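For reference, the chains in residue letters:
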Amino acid sequence: GAVVSQHPSWVICKSGTSVKIECRSLDFQATTMFWYRQFPKQSLMLMATSNEGSKATYEQGVEKDKFLINHASLTLSTLTVTSAHPEDSSFYICSASSPRLAGSMYEQYFGPGTRLTVT
Amino acid sequence: GIQVEQSPPDLILQEGANSTLRCNFSDSVNNLQWFHQNPWGQLINLFYIPSGTKQNGRLSATTVATERYSLLYISSSQTTDSGVYFCAVGSRHGSGNTGKLIFGQGTTLQVKP
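From first to last, the protein sequence lines stand for chains Y and G. For the first sequence, this note's numbering begins at 1 and goes up steadily by one. For the second sequence, this note's numbering begins at 1 and goes up steadily by one.
For reference, chain Y alone in the conformation it holds in the complex (with noise of 0.2 angstroms):
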């Protein structure tokens, strides 16, 4: 159970375009979804949180205008990167947790990631 999917796994974009990054939790209501982003040799950063319904929670210097966050229904949250630059090429991971999931309202699930490339 707790399964996490990302759509697509991977995406070439041309500079200036916009790109959407899909996340759904397929087995289980997640009422919180997480967005990360990962460079290549380092550590996850956090970008936003999204509760279904509602507007996403972005960390700090994170621009919310660039990354805009859909969280429509409690098993799918969306990522757009728009006006996509070279500099927003990156590893894109989502994740999910739910209070009704075994283990802890706070554990989370993680999908499997979406690499952007920015030509």
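Quick caveat, the hints were computed from the structure, so don't treat them as lab data. All clues given are correct.
Here are the simulated distance ranges between beta carbons: (1) G/P113 <-> Y/S54: 49 to 57 angstroms; (2) Y/S83 <-> G/S76: 48 to 56 angstroms; (3) Y/K55 <-> G/P113: 49 to 57 angstroms; (4) G/D27 <-> Y/K66: 28 to 36 angstroms; (5) G/R22 <-> Y/A72: 37 to 45 angstroms; (6) Y/G61 <-> G/Y69: 23 to 31 angstroms; (7) Y/K14 <-> G/G16: 46 to 54 angstroms; (8) Y/G53 <-> G/S76: 42 to 50 angstroms.
Keep in mind the model is a prediction, meaning the values are calculated, not measured. Beta carbons: idealized from backbone N, C-alpha and C, even for Gly.
Starting from the structure of chain Y, add chain G where the hints point.
Frame of chain Y; chain G shown alone:
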């Protein structure tokens, strides 16, 4: 905010050896998770362990919350154990108590045949 430090940053082992990875954190936590990131980037949940001891096969973990550290033990290591191991913590304090995780910098483990 809460600080997370992992040690060692890199570790090279011969197959069959045992190892201990450490995670120190600077504040009280309501969540502590250990992950293994495989070569394709997928984070594999190893343990959810804000306190106490757990074991799963060749892996075990102990968190001493009062002293603010956690240990991950790998016994009889195999080449498939290679990869990056992350510790991530959720602070008990902070605005909104949203459950967000702060990651350490990771330990890169290489197990040689």
